[in-house]
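Starting from the given sequences, assemble the full structure and let the hints guide the process.
Protein sequence lines correspond, in order, to chains A and B. All residue numbers for the first sequence refer to the numbering used here, where the first residue is 1 and numbers rise by one. All residue numbers for the second sequence refer to the numbering used here, where the first residue is 1001 and numbers rise by one.
Calculated from the structure, these hints are not laboratory results. Don't take each hint at face value.
[What the hints assert, rightly or not] Calculated cross-link-like contacts (lysine to any residue; reagent style SDA-like; alpha-carbon spacing at most 25 Å):
#1 Lys38/A / Asn1237/B
#2 Lys1215/B / Val92/A
#3 Lys1233/B / Lys38/A
#4 Lys1217/B / Gly50/A
#5 Lys1217/B / Ala71/A
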Amino acid sequence: MSELERNRVPRLAPGCRLNPAGGAEDLLLIPEGALRLKGPARAIVELCDGQRTLAEIISELQRTYPTAQPARIETEAVALLARLRDRGVLEVA
Amino acid sequence: MKYQPRALIAEITHRCPLHCVYCSNPTEMRRRSDELSTADWISIFQQAAEMGILQLHLTGGEPLARTDLTELVRAARAAQLYSNLITSGAGLDGGRLDELVAAGVDHIQLSFQDSQEGPANEFAGTRSHALKLRMAEIIRRRPVAFTVNMVVHRRNLDRLEEMIAFAEGTGARRLEIANVQYYGWALRNREGLLPTREQLEHSIQVVEAARERLKGKLRIEFVLPDYYAKYPKPCMNGWGHQQLLIDPSGRALPCHAAMVIPGLDFPNARERDLRWIWEESPTFNRFRDESWMPEPCRSCDRRARDFGGCRCQAFLLTGDAAATDPVCTLAPQHSIVEEILERVNGSARPDWVYRVDPA
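Set out below in structure tokens:
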């Protein structure tokens, strides 16, 4: 469970994708089934486009959620992405 | 809907060039002339997506034996299903794989019978191992999730370490090590396939060590043979709870093996819509809640966790589909399983029979 470095570029692994937006629930479809995404998790995963660095993803989220504490956004986003990486759902270049 | 279906298992054909001794297909297979058309399957996929089903497992037989597979994958993606192709690799090549990937296949699960060519070809009843290796080479280079499935049993479980090392070399990101489950052709060959207790205990240690070593590189799923379990497996996560199988001729079943249970009328997707089949059909409701349960299941605090085990196995071993799964150590008929295990742990292994291909 190593820490994610802020200059790395995460993106979803092959065979992992979000279900279409606007459905009854937000799901990340993976080979074993589906992970249910709660709260801002979908927005976080959507930013993992293979272009943005983790630092850029965090700043983007802080702009999108101006009323939330910036440090908390960072902690939560990093924790979610590290979990997804450890499950093999996210690749980090 | 009280029970939300999540996965559709589409057994699109029973045709297969392999003859594996542990095939889970029914021993009475559907012929090519009985198979559903492309349009039938596409309609089924659309109905499934409308019911909230997320995952489509394209299986068989060998699904690549259908020449319309790419079209089916494209239709599944259009219906917003996640498609998982379960294949032996027979019938694949680079061009066909590119077509499937472009059509939107999300995940490919490639089976191997062994790490060594000789035994692999023996268990498959065909010379298929070298081809599978070539298919792994081309799959790993495509943008698709890649799982290797290795079937284990008495004759290869002692070489599990070698088989895991082999799987690492295929480039897969997931490895499923599946002990044979005793249905269909496998049941006929049970005495030759069930591992000994000693083999099983060793294999559990091997998998634990490999999981630790391969963390972050290769995820390992391990399916144990339930004959050795203390409590039964939560078969299909409950009868009619999450999964729906359509066989090559359109018959809807709650699981792969349900055809063996007498007295059930399996509705056909050619005649009935999927929602009726799921919600209303007597067959899908037959073992769905707890009202069918005998003791000790009825008052067991595990009943919502394992649902009394597998109905098909209960029938195959006791002759009564509504009995407690006899693999459960609490089952009144558990001695049936104990006797089988006693034989398997004592005697020499018998010959086996190979799966045949339907006409």
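Hint-by-hint comparison with the structure:
1. Lys38/A / Asn1237/B: holds, 24 Å
2. Lys1215/B / Val92/A: holds, 15 Å
3. Lys1233/B / Lys38/A: Violated, because 30 Å separates the two Cα atoms, which is more than 25 Å.
4. Lys1217/B / Gly50/A: The given pair, whose Cα atoms are some 20 Å apart, holds under the 25 Å limit.
5. Lys1217/B / Ala71/A: Answer violated: Lys1217/B to Ala71/A is near 31 Å, above 25 Å.
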